[in-house]
Amino acid sequence: MGRGQRFGIALSAFVAFAVGVTTALSLLLGDNPALFGNQPGAEQLAELIAAPADALLRLATIVVALSIVIGIANLLYVHAGKLARGKFYSAVLLASFGFTVFWQVTRPGDTSLLEAAQLPIESALAALVALSLLHGGSRVLGKRADIWGLLFVAVVVVVLLASAPLAELAPLQAWRDWLMRVPVGAGARAILLGVALGAVVAGTRALLGQDRSVRG
Amino acid sequence: MSEEFNWLEYSEEMEAAALEEEGRSGRRGLRRLLPRLPSLRRPALPRMPGIPRPRLPKLRLPSLRRRGGARESHQPSAADILGEQLNRPLEDLDDRLRALRERSVEASQPAPSHQALYAVDDLLAGPALQDRPGGVISAVSLSKAQQQQVEMLRDVVGGAPEAANAGGRSPRFFSGFALSAAPRLLGSAVLLLAVSLPFVSSDYAEGDLPPAEFHEDRHEPTTFYNLLDNLTGDDYVLVAFEYGPAAAGELDILADLLLRHILAQRAKPIIVSSNPIAIVHAQNVIRAINRSLDLAGEQLLHGEDYFLLRYLPGGALGLRELSENFDDVARISAKGLPTGLQFDTLDEMTEIVLIAASADDIRHWVEQVASAAEGRRLLVATSYAAQPLAQAYADSLDQVIGPIVGIRDAYTYGQKLETNFGALLPAEASPQEPEFEQLDADASSDSQAEGRRGPELPAEDAIATALPQPTETAPPTATYFATDRPQPTDTPAPRATDSPTATATATEAPVRVVVVTSGQRVNIRRGPTTVDDILGLGYEGDMFEVIGANGDGSWYEILLPGGVEGWIAEFLVDERLVSAAELAGAQASASAADTQRGERAVLQREYMLRLGKPAPRFYQAQAPASGDRLEVALNRDRAQEIPRLEAMTLGTLAAALAIIFGNVIYAARALLSLRGTRGD
Amino acid sequence: MAENTISLVSFVLTLMVFSYLFGDAPLIGGLYRIAVYIFIGMTAAFTLVVSYEGVILPYLQDIQDQSTSWTALGYRADITIMFTALLFALLLLLKPINRLTWLTNSVYAVVIVVGAAVGAVGALNGTLFPLLQATVALPDDLTADFEVLVESLLIFVGTMTGLYYFHYQARARADGNEEQSRVGRGFRHIGKAFLVTTLGAIYASALLTSLTILTERIGFLFQFGA
Chain S
1 MGRGQRFGIA LSAFVAFAVG VTTALSLLLG DNPALFGNQP GAEQLAELIA APADALLRLA
61 TIVVALSIVI GIANLLYVHA GKLARGKFYS AVLLASFGFT VFWQVTRPGD TSLLEAAQLP
121 IESALAALVA LSLLHGGSRV LGKRADIWGL LFVAVVVVVL LASAPLAELA PLQAWRDWLM
181 RVPVGAGARA ILLGVALGAV VAGTRALLGQ DRSVRG
Chain C
1 MSEEFNWLEY SEEMEAAALE EEGRSGRRGL RRLLPRLPSL RRPALPRMPG IPRPRLPKLR
61 LPSLRRRGGA RESHQPSAAD ILGEQLNRPL EDLDDRLRAL RERSVEASQP APSHQALYAV
121 DDLLAGPALQ DRPGGVISAV SLSKAQQQQV EMLRDVVGGA PEAANAGGRS PRFFSGFALS
181 AAPRLLGSAV LLLAVSLPFV SSDYAEGDLP PAEFHEDRHE PTTFYNLLDN LTGDDYVLVA
241 FEYGPAAAGE LDILADLLLR HILAQRAKPI IVSSNPIAIV HAQNVIRAIN RSLDLAGEQL
301 LHGEDYFLLR YLPGGALGLR ELSENFDDVA RISAKGLPTG LQFDTLDEMT EIVLIAASAD
361 DIRHWVEQVA SAAEGRRLLV ATSYAAQPLA QAYADSLDQV IGPIVGIRDA YTYGQKLETN
421 FGALLPAEAS PQEPEFEQLD ADASSDSQAE GRRGPELPAE DAIATALPQP TETAPPTATY
481 FATDRPQPTD TPAPRATDSP TATATATEAP VRVVVVTSGQ RVNIRRGPTT VDDILGLGYE
541 GDMFEVIGAN GDGSWYEILL PGGVEGWIAE FLVDERLVSA AELAGAQASA SAADTQRGER
601 AVLQREYMLR LGKPAPRFYQ AQAPASGDRL EVALNRDRAQ EIPRLEAMTL GTLAAALAII
661 FGNVIYAARA LLSLRGTRGD
Chain R
1 MAENTISLVS FVLTLMVFSY LFGDAPLIGG LYRIAVYIFI GMTAAFTLVV SYEGVILPYL
61 QDIQDQSTSW TALGYRADIT IMFTALLFAL LLLLKPINRL TWLTNSVYAV VIVVGAAVGA
121 VGALNGTLFP LLQATVALPD DLTADFEVLV ESLLIFVGTM TGLYYFHYQA RARADGNEEQ
181 SRVGRGFRHI GKAFLVTTLG AIYASALLTS LTILTERIGF LFQFGA
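Residue numbers (my numbering), protein chains in the order written: chain S, 1 to 216; chain C, 1 to 680; chain R, 1 to 226.
It is worth saying that the hints were derived from the structure and are not from the lab. Ideal Cβ placement from N, Cα and C applies to all residues, glycine included. Mixed in with the good hints there might be a few duds.
As the list claims (entries may be wrong) - Incomplete in silico selection of chain R near chain C, CB under 7 Å: (1) Gln66; (2) Trp70; (3) Gly74; (4) Ala77; (5) Leu128; (6) His189; (7) Leu211.
Chain S with its partners taken away, still in its complex shape (with noise of 0.2 Å):
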């Protein structure tokens, strides 16, 4: 590695790092004149501190959207290679992606194309979930036949049954309201608390350039 590349890594770090806390600290600060004890003036230096995030913002969603554009370049630059070496399916990847945009592109506003193609694939392909969900739950306990195994499968079933809207099965429905209400919501915070906590603490890894995509 040489001298300037390092530099550049150093450099493109202590840029992350800026942008990440200047970031952070305009969203958490910006637009909030109360915090500046509604002063004359408080307003105009909310905005101007909420600035940054949302020239920042606009920056990354750019970026983004720019990549999209590169990305299925590349997807369709792929797949000119596989189809130069007579690759049938890349070809209709082509094709489908050429007509589409043709369509697009000639009719606006025309929306049968979604419905007549992508829509009927997309939602059949979603359909035959429902059979591999049916038959890993029909295994569970053929990987782990202990107590968790059991909670796990009696609570598929109780959950399952519970929805079924048939009048014998009423006082299943009893039992899956209160589950639901109870260990699942509490289950379900659990959850969340520790998707977010790990947002938080990643977020802050980032800006503190110990995060390796940002050490370049």
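Starting from the known structure of chain S, arrange chains C and R on it as the hints suggest.
Same frame as chain S, but now just chains C and R:
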């Protein structure tokens, strides 16, 4: 934001995945201690021999490890809480790459459709298929958060989902008709059969239809409905359309209903999404509504009746931009043209409605939009899969209303909508509008099947039969009737044209009244908030006796002519002192005007609450204000609704039985083998 | 497209995807894959058009309009932002050149830290504080039902032990040590029980979602057949 980014990774990651796969011999570090993760190795997928690993000769991955690490940071997870875990990035990388390979390299297959493991993580993260482009196409593997869920699930149930594939050695999913595939085939066949029967013949109908009202224990869906019912022509509603075609089978019906409800009241939905395909799909949903209006005339126009804003790239980033710079986002339509909308902040939206397929989308909206627009409620409609996590938000945050979930809630919502608007059709229902008649017929045949709905009566007839029913019958007893005025349940209903005898305070002394000054129809509510149920309607010039006010004087408590007490917002009225005679005269003429208008029908339902106390609840039957579009609310295509509900019932039963059956067999086998080992 | 054509194409494509059920037989397996590739091509196309029409093009036009500004920093800032974004995109294109990787990664780094900051601030304000508050808060009326009190307590215990389980899982994976303390183990098991229950409920809910979608597709096939 990772999803979009991964467009870029397409080729490189793929190649990396291939290299990684080839180069991997044995597992490193602590991973050796972990159970193998067979399902990540696509055991169950049909092999696609024709598709070799893609190679991208020119592009080379600069630093595989580093890139793996880079991904890690923007999809943080709970694991990150715990700081450094040296073995994790590597582990994640492997999994991610493997997932990557499975997801898009080979046949660009959406892995979730074949792998229970993914399905499990996806149910946390979204619909079965990632309907973002990144999800399926661009080689996105699991996001970090999703992975966390998967790993947790794996730890918790020892690979419950993997069991689906029973290890890498299991037979491939339906590859040929190998003997060992038989149970799987059988299960699938039973499920498909169960789901198909109701479409073949109504003899296979099983189970009750969903009720015509949300269960009284679930207050929030009713609040959801009421909030949308309060909209008027001046309101703008931000509608977040966060699902693509993959979830259309479940959420289209809800999206259609909610849009119709908003549009029928001439409020203007502003549709927005952080999913590009969802934007096109939203256009398609509107197009379907317009198609249903073909006979009735008036089409919905973009830029007038509804707005479709530009795509918000970058997931959470895009949503934050929406909440921070709403003025700017609202300027541009999905087609890149000016919308003519001028807003400063999201606070100018009357409500924010979120229709989302995945819990992650709900989380992003709560975190990036709702938390930044604190004054706005977030009304959530979602899929079953996202319900548990959505419910946790709704239970914890006052700002989040709902959720309305899946097709059963959609049915109930639709019934409410139809009752509300259908009851207001002119009695000599329109020979030019045959669809209405048919819908009514449908509705009443439904109701008879259900045995819970009263007959559809035009308002005039209803008055004659407007005696409240005893509430001791099975709850929820829904006897409803339309009167010109809401009535308390415990008094016989006086004719609407009766003089206001209930205003017993009428004396010679001046009476404190309020006079409606708003040009719009105003709502009179059960309590001093806009969330409370509506008791009745007021029109400009209507006069009501004041009996109190709330703490800050923003609401007046008033006496309605039927003796019912209600609340009206202060800014809609002027306070005055008038003589009793003047008040009586004004109310008599208002009531005459009502009769003439045929409006102000109010539905009343009686419930047995859980505690055993009968408590009346009132729902407004929205009177057709001069511009309300009944046809939008009523012209729905409901042909498939009931068979689908029945198919769901049978399918659910079949699935539950298959799961019980399969697990009993496995448990028995485990017990036997346990005994066998002990015997040895 | 006429309605009939739409239905016909949908019908055929649905069957093509469902042909997956018949495995990888020579002819049939290909049908499934064709459908999937069509789907990928279309998704890419829709995404491209939506991103270009809705985001890139308007921004490029917007930048020429001096009367509006994206931020409080004025019109000049807009030009700077746009210019930087285009520069970044250019740098992304340089990725294949090995020596300039650090440049490309710097672009990523900037976008990632902005994303991380947004995610962290959102998580803090949107999830962490309100959820913790709601979990810790006692019911409004302490004299309320005994049942209600117990439920609130259970939710509190479940949330906390569930979080503890998360914590433990990750740490155990990091250092490979089993938890020794008995109390810790007890907590962990309680947390695990709550999480297993939740995941079970989520699994069942996902099955319900996919069943719903399945009924829609099957219904469509029958409708078309009729």
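Verification of the hints:
1. Gln66: With a closest approach of 15 Å, the Gln66 of chain R hint is violated.
2. Trp70: holds, 6 Å
3. Gly74: Violated. Min distance 14 Å.
4. Ala77: violated, 13 Å
5. Leu128: With a minimum Cβ separation of about 9 Å from chain C (threshold 7 Å), the hint on Leu128 of chain R is violated.
6. His189: violated, 11 Å
7. Leu211: Holds - the Cβ of Leu211 of chain R comes within 7 Å of chain C, reaching about 5 Å at its closest.
Hint violations for this structure: numbers 1, 3, 4, 5, 6, all remaining hints satisfied.
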